[in-house]
Amino acid sequence: MSEGMTGSVEDADFLLSTRGAGRELGAWVVGVAFGRDGKGAAFGLGDGTLHLADPALPEAEWRRLEAHDGACLTLVPDFADGFLSGGDDGKLLRVLPDGGVSALADFGMMKWVEHIATHPSGLRAVAVGKAVHLLDKASAKLKALAHPSTVGGVAFDAKGKRIAAGHYNGVSLWFVNSREDKPRVLPWKGSHQLVAFSPDGTHVVSTMQENALHGWRLTDQQDMRMSGYPTKIKSFSFTGKGRWMATAGADCVVLWPFFAGGPMGKPPVELAGGDGVLCTQVACHPQHEVVAAGFQDGLVLMAEIGSGKIVPVAAPGRGAVSALAWNATGTHLAFGTETGFAGLVDLSRRG
Amino acid sequence: MSETSDTVPVTVLTGYLGAGKTTLLNRILTENHGKKFAVVINEFGELGVDNDLVIDADEEVFEMNNGCICCTVRGDLVRILGGLMKRRGKFDGIIVETTGLANPAPVAQTFFMDEDVKRATRLDAIVTVVDAKNLIARLADSKEAEEQIAFADLIVLNKMDLVSEDEAAEVERRIKAINPYAEIRRATRSAVPVESVIGRDAFKLERILEREPDFLTSDEHEHNEEVMSMSFEVSQPIDAEKFNAWISQLLQAKGQDLLRTKGILAYQGEENRFAFQAVHMIADGDFIGPWKEGDPRKSKIVFIGRNLNRPQLRRGFEGCVASQGAA
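First to last, the sequence lines map onto chains A and B.
Be aware that the first sequence starts at 22, since it is given in my numbering, and climbs by one per residue.
Be aware that the second sequence starts at 1237, since it is given in my numbering, and climbs by one per residue.
Everything labelled a hint here was simulated from the structure, so no lab data went into it.
As the structure is a prediction and not an experimental result, all values here were calculated from the model.
C-beta: ideal position from N, C-alpha, C; glycine also.
Any given hint could be a false lead.
[What the hints assert, rightly or not] Beta-carbon label-pair distances, calculated as ranges:
(1) 210/A with 1476/B: 31 to 37 Å
(2) 1430/B with 240/A: 58 to 64 Å
(3) 124/A with 1324/B: 24 to 30 Å
Using the sequences and the hints given, assemble the complete structure.
Set out below in structure tokens:
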């Protein structure tokens, strides 16, 4: 890696070993999440288990739950506390940090609950096949939004007023409260998967089957193509104030500027590159202009966007990083790998 | 396509509605072979499937956004195979059943086009179940029935109890006119040995053209719109650059008509055989080990498709022969 990263593999594990803990969990880590209330960190695995840790005590025993009959496909923080987990058993589960599990919905054994988004207002959007089900606080179904093909990703805007869903040949935007359910479709040929609104709600970005991202400026529906990646982009994240969008999919962290007229016509900034290893996951700090990144070789690091300064979190060698998340206040970072290693680091603790 | 041994084999089952696909699928699943399969079926299956891990798929074909109109991919498969890889080790293989009307090309192309699918799985074979009694009528009224035969590595000629030997021979003749490279197995109630269906490795470059076809000498005029196959052979070494230039141009221009292309080539100054395959415009090729001592180093190419122009293809292939004396 570049500046500031010298020394042995043990040095790269300094933060994980002094301020956190790691566990071999035995199956592909599909998702990690912290509760919005700061309580609990959860890991969802490809063998259907969930693992719960206490962010205040990473070294303490983690609780293991047999949650899904199959694989966990997605794990997100619920709207206020706890987590929502979707599985290929068709189940939508709510999980509490103390290990309590309740099934909020069962879509049937052959249906996959693949994408979930929640909003602090109490809304939950759950993508199953071509439909996005919108649930309220009490898990009552408010509506089911239909799409022309399977939904590849779902997101709320910052205010919780709109939902975006990626599918073939575009992204559909829905107003949560509209009486008439007709989406505004942002068209672009190809298969759109993960989606997100920029924090200020002015742009929508999707990942594609091709090695590219696509974006739309909502004011004038201008298209943005973000291409040049060597692989598919499986992860992207906006910084807290929305100035930058960090993306995986290259052998460095690629950051697109969403200010001063960008990203149109502006080149992206590249960070933490140089050793030819693919970046697989990114997560921006919720407040500061800092991005955490996970790589194909298992390395996890943090990079300060302004200075390019890099701090390693976990050393390579434990499998490709497949999940990465900050807690809401940005004091804790959790990650997991394809081969089943999971780590939880408390950055607020004195080393 | 990835050839590493830790990829999970995927068998694709195609065939017209009522031909006996689901019967074959259930036979594979219930036979005592000690293997576990994940099964991907389409939403409108005729019969229940007897398996622990069944995934219900909508066949969702989309065009890649790369300007090539025949680069169609099954997006649902990309998604499902990706999901299944997260619980790797829980099964030994994956079987994908297509709907009766499915064109097999997008399924096959998914295994060439998607990097995640390539990394984790390999296309083992395309198996087509056909109804001996009704195939000829289907061929007359359906493009897909023809394409399912053109893409097949194994054809299960089913419902043999409903036809006479003469009828069966005529159906086989029609199948071979479309695709002489597929193995045909006659069956009643889809009863064929499981090991003839699973583990064929038919898309492995090493096995391309391993089977010698039962060529037919037919004088009958075949209409251009029908799918047929043509093969060409040269005994002089091939110039790799000339071949690449010719085949790229040919696949670009005629890719829509060329369903499957396969070749084994003896390149000038090269001890190893070069194997080549393509589905429409999407090609894949690599060296696959040396020629056998004493075997003639003949280069061979086979096209299965529509509107094939025999003299033009022959001239093109013969034009790839390396000029004498060149290194």
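How the hints compare with the structure:
1. 210/A with 1476/B: 31 to 37 Å: With Cβ atoms ~35 Å apart, the hint holds.
2. 1430/B with 240/A: 58 to 64 Å: Because 60 Å falls inside the window, the suggested range holds.
3. 124/A with 1324/B: 24 to 30 Å: holds (26 Å)
Going through the hint list in order, the structure satisfies each hint without exception.
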